[in-house]
Amino acid sequence: MDKKQRPMTTEAQLKPEHQIEELERVTIRFAGDSGDGMQLTGTQFTRTAAVFGNDLATLPDFPAEIRAPAGSLPGVSGFQISFASTEIYTPGDRPDVLVAMNPAALKTNLGDLKPGGLLIVDKDEFEPTNLKKAAYETNPLEDGSLNGYQVVPISITRQNELALEGLPLSAKDKFRCRNFYALGLVLWLYGRTLDTTIKWATEQFKRRPDILEANLRALRAGYNFGETTELFRVQYRVPPAKVPPGVYRHISGNEATALGFVAASVLSGLPLFYASYPITPASDILHELSKLKNFGVKTFQAEDEIAAIGAAIGAAYGGHLGLTGTSGPGLALKSEALNLAVMTELPIVVIDVQRAGPSTGMPTKTEQADLLQAMFGRNGDSYVAIVAPCTPSDCFFMAIEAFRIALKYMVPVVFLSDGYLGNGSEPWRIPDVSELPKIEWHYAEPQAGKFNPYRRDPNTLARPWAVPGQRGMEHRIGGLEKSGETGDISYDPRNHHEMTLARKGKVERIAQDIPPLQVTGPEEGDLLVLGWGGTYGSITSACENARKRGLSVASAHLRYLNPFPANLGDVLKRYQKVLIPELNTGQLALLIRGRYLVDAIPFNKISGQPFKIAEIEGKIDEVLGLRDEYVLEFTRSAGVSGG
Amino acid sequence: MTAPTMPNDGLISPDLPVLTRKDFVSDQEVRWCPGCGDYSILAQMQKMLPELGIPREQIVFISGIGCSSRFPYYVNTYGFHTIHGRAPTIATGLKTARPELKVFVITGDGDGLSIGGNHLLHAIRRNIDLTIVLFNNRIYGLTKGQYSPTSEFGKITKSSPYGTTERPLNPIRIALAAGATFVARSVDRDTKHLEEMLYLAAKHRGVSFVEVYQNCNIFNDGAFAAFAEKEVRADRMIYLEHGKPLRFGKENQHGIRLNGFTPEIVENAATDDGLLVHDAHAENITLANILVGMDYPDFPVPIGVFRDVDAPTFDQLVQQQVEEAMARGKGSLEAALRTGETWVVE
Numbered sequence: 001m002d003k004k005q006r007p008m009t010t011e012a013q014l015k016p017e018h019q020i021e022e023l024e025r026v027t028i029r030f031a032g033d034s035g036d037g038m039q040l041t042g043t044q045f046t047r048t049a050a051v052f053g054n055d056l057a058t059l060p061d062f063p064a065e066i067r068a069p070a071g072s073l074p075g076v077s078g079f080q081i082s083f084a085s086t087e088i089y090t091p092g093d094r095p096d097v098l099v100a101m102n103p104a105a106l107k108t109n110l111g112d113l114k115p116g117g118l119l120i121v122d123k124d125e126f127e128p129t130n131l132k133k134a135a136y137e138t139n140p141l142e143d144g145s146l147n148g149y150q151v152v153p154i155s156i157t158r159q160n161e162l163a164l165e166g167l168p169l170s171a172k173d174k175f176r177c178r179n180f181y182a183l184g185l186v187l188w189l190y191g192r193t194l195d196t197t198i199k200w201a202t203e204q205f206k207r208r209p210d211i212l213e214a215n216l217r218a219l220r221a222g223y224n225f226g227e228t229t230e231l232f233r234v235q236y237r238v239p240p241a242k243v244p245p246g247v248y249r250h251i252s253g254n255e256a257t258a259l260g261f262v263a264a265s266v267l268s269g270l271p272l273f274y275a276s277y278p279i280t281p282a283s284d285i286l287h288e289l290s291k292l293k294n295f296g297v298k299t300f301q302a303e304d305e306i307a308a309i310g311a312a313i314g315a316a317y318g319g320h321l322g323l324t325g326t327s328g329p330g331l332a333l334k335s336e337a338l339n340l341a342v343m344t345e346l347p348i349v350v351i352d353v354q355r356a357g358p359s360t361g362m363p364t365k366t367e368q369a370d371l372l373q374a375m376f377g378r379n380g381d382s383y384v385a386i387v388a389p390c391t392p393s394d395c396f397f398m399a400i401e402a403f404r405i406a407l408k409y410m411v412p413v414v415f416l417s418d419g420y421l422g423n424g425s426e427p428w429r430i431p432d433v434s435e436l437p438k439i440e441w442h443y444a445e446p447q448a449g450k451f452n453p454y455r456r457d458p459n460t461l462a463r464p465w466a467v468p469g470q471r472g473m474e475h476r477i478g479g480l481e482k483s484g485e486t487g488d489i490s491y492d493p494r495n496h497h498e499m500t501l502a503r504k505g506k507v508e509r510i511a512q513d514i515p516p517l518q519v520t521g522p523e524e525g526d527l528l529v530l531g532w533g534g535t536y537g538s539i540t541s542a543c544e545n546a547r548k549r550g551l552s553v554a555s556a557h558l559r560y561l562n563p564f565p566a567n568l569g570d571v572l573k574r575y576q577k578v579l580i581p582e583l584n585t586g587q588l589a590l591l592i593r594g595r596y597l598v599d600a601i602p603f604n605k606i607s608g609q610p611f612k613i614a615e616i617e618g619k620i621d622e623v624l625g626l627r628d629e630y631v632l633e634f635t636r637s638a639g640v641s642g643g
Numbered sequence: 001m002t003a004p005t006m007p008n009d010g011l012i013s014p015d016l017p018v019l020t021r022k023d024f025v026s027d028q029e030v031r032w033c034p035g036c037g038d039y040s041i042l043a044q045m046q047k048m049l050p051e052l053g054i055p056r057e058q059i060v061f062i063s064g065i066g067c068s069s070r071f072p073y074y075v076n077t078y079g080f081h082t083i084h085g086r087a088p089t090i091a092t093g094l095k096t097a098r099p100e101l102k103v104f105v106i107t108g109d110g111d112g113l114s115i116g117g118n119h120l121l122h123a124i125r126r127n128i129d130l131t132i133v134l135f136n137n138r139i140y141g142l143t144k145g146q147y148s149p150t151s152e153f154g155k156i157t158k159s160s161p162y163g164t165t166e167r168p169l170n171p172i173r174i175a176l177a178a179g180a181t182f183v184a185r186s187v188d189r190d191t192k193h194l195e196e197m198l199y200l201a202a203k204h205r206g207v208s209f210v211e212v213y214q215n216c217n218i219f220n221d222g223a224f225a226a227f228a229e230k231e232v233r234a235d236r237m238i239y240l241e242h243g244k245p246l247r248f249g250k251e252n253q254h255g256i257r258l259n260g261f262t263p264e265i266v267e268n269a270a271t272d273d274g275l276l277v278h279d280a281h282a283e284n285i286t287l288a289n290i291l292v293g294m295d296y297p298d299f300p301v302p303i304g305v306f307r308d309v310d311a312p313t314f315d316q317l318v319q320q321q322v323e324e325a326m327a328r329g330k331g332s333l334e335a336a337l338r339t340g341e342t343w344v345v346e
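If you're matching them up, the sequences are chains L and R in order. The opening position of the first sequence corresponds to residue 1 in my numbering, with each subsequent residue numbered one higher. The opening position of the second sequence corresponds to residue 1 in my numbering, with each subsequent residue numbered one higher.
Only some residues are given here: those of chain R computed to face chain L with a beta carbon under 10 Å:
#1 Ile59
#2 Pro72
#3 Val75
#4 Ile83
#5 Arg98
#6 Ala327
#7 Gly331
Just so you know, the hints here were simulated from the structure itself, not pulled from any lab data. Note that the Cβ used here is the ideal one computed from N, Cα and C, for glycine as well.
One chain only, chain L, in its complex shape (with noise of 0.2 Å):
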């Protein structure tokens, strides 16, 4: 540690003597209020981790209320943050820690909290009104519902209260800085620096320099108390993470689509046009984007969602990158529009940060439940392309690859990121750019006689894309059906039946120009497990530990959804079963079984939170006949099935 950064007040011969445990994963979860803070507490300990060269993942849970009422149990606001020293693929089934600010926390999260982890609570907070808004009748801290724990009760409130004292602030905003001393005492807690947290904060409150006296004194304070006490007899490490060699930084899934957008724009040196209507979990996109004007990037705030993707299908009209981004309810909003850039082949792509549906549905809480709307959610026999990112850094690659994809087919792409990837982080090793992929594309060449704006390309089916501004190949186009070669409005029968076959047709060609699917585990054996989306992790994780032991369960993941990769048939049969683990009743099961004739097991949970690792190893184990029924364990009480 840095000397600097030793705590002022504290004697050393006065401090106790901690012991050290080297570990090799924690999981902390951070919650409270929504007013507490805690996205940023756990957002620094993140931070921190990150520098630190722990491998980790992170989970946010927030309410949709940006306000709910104060101490109530639809208030509490939640961060969980899993680091490790080895490689590991989400934020963890269960805490070993949790950090509860107000009893209403502490209620809405115990449950989680692995038998004897550890709770640190802020005892002041454990007081008559806030127990009754959080509907305890006694109190936990004295009533011995707690004693399957390590408890260690803090008066976070007043030692706040006395760091701060003769700071010109009201109470209210010293009572905000709770946040730092309990991050502070957390940093302590796993032998973290205070370096990173405290340069951020310099940086965010470089205009306030009282709030940031606050902070910083709040922060020190929890450092400080950690040491000097006697609470904790145990301070942990948990070592680096042994990971490739090279730069890293610390991103979020919503963060690496903006910057996948902004890279497919430097690789195709076409400017980016961004439109969007303002929709959790997508927002944070038009916000990273409309920073990036420096790249030539565009960015439209739209009156609706409709006026979106209109704007996209014009910027993609005139030669740029359409582009426009929302979550499930925006994208039935666009579904029209979708079919015209389907019907005048222009490429443009659609985000849709998933959320957990159906109608307005829980806005903040994720699901893997728009897969049947990006396919088949529009009039007529109508094809997309859709891509599906994985983790949250894979959305930088895959949005590059929806513009190579829309670019050299002349296609709308649906690009299926989901709450959880979009909002949850992860370290990344920054890529080198000279190694991204270059996206080719070209306007339309001059053709002899009359330009003929549906003459396709022999290859991939790609219609030419001439903008306005070329001479000489002014055309007409719109949602009407065409007539090949011309794009004159047509009713031919026979011209709408090989129309609607070549739109189609473009979509299955992409297959030739994607990769195979990527088998994890035994290349044939008894079981595969196929996923999709941002259950990556759980999947992997799940698959891993199966194998360790010693079952022939194998995973796969599928980033290319329409089309499948062209190997994905072969794959599925080399296995005695399949299993498909969705957070949605089974949408990626109806389509496998309906192309592949494959009896599929799906797998469903629709809670709105990602799949535990345990989750899915219970299923597995059923599968395989190792045990009885694998019910999901929320379901149990409540006496549903859980799919």
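Here the structure of chain L is known, so what remains is to put chain R in place on it, guided by the hints.
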């Protein structure tokens, strides 16, 4: 990274060919009903376009759905027949991405004010440099005769056999309320006036909105005949001209004056004293709002330019922000990937 306008560099031709009306006639057979007012609008547009001095390939017509929205097929420029009500959105994306293009939006009373009302409002309030022409025939023609948002109260149509129970919108009032920087009205039968309005609208920098009273001789024949027919026009319409007193009548003998905020007719006004003088350049829209309230049979119907003011355009402001950001330092992907905290693993 190349400049945002890069793809246009090889595309926009520097020379301005001399074009004629014929250059703007496409090879498509025009399929409106014989006698439709749309023919006149198409003809005046094709006559006017060469006067703009813009090469064909830099002009784009974007339409929604409805009879009027067939328009782009018949003009030999770039054209996009989009979906119902959404033409302003596609035009906004195109014009924002490519501000150097001349973009027209062709819409109707149903397309622009019913299903696409929201987009029309927002395109206008942004003052994006589009020329929007709204064909108002006060009926749904393509779907064969239902009432539209501009149909008169009580109108009997296929979907209102007992008369409508809805009050109509006034398109000019909507445009003014949304802050349109150019607002005009014309009528299909007055070809010379129509051509002039289209020209002025096309030359305006910023959003220009032109309502054209258009006869649907199949489903709403004679909708405007009472005041727009040649024989009665002089007495029942009033031509707005900036800086001139409001006068009408065969001999230009009548005038309009204000009584408070209420207009009234001055019959046989001997002098211009006290007559309302039109000011299309006023920032304040009160006068334009008073004029738009004048309607037949109580008043002559005003046609001409209601409002013509200058204001920064959305597309240019967006372009300017991008250019300024790039002038401060073009983005480097390497640097962007390394934003925030980074660390090295050996």
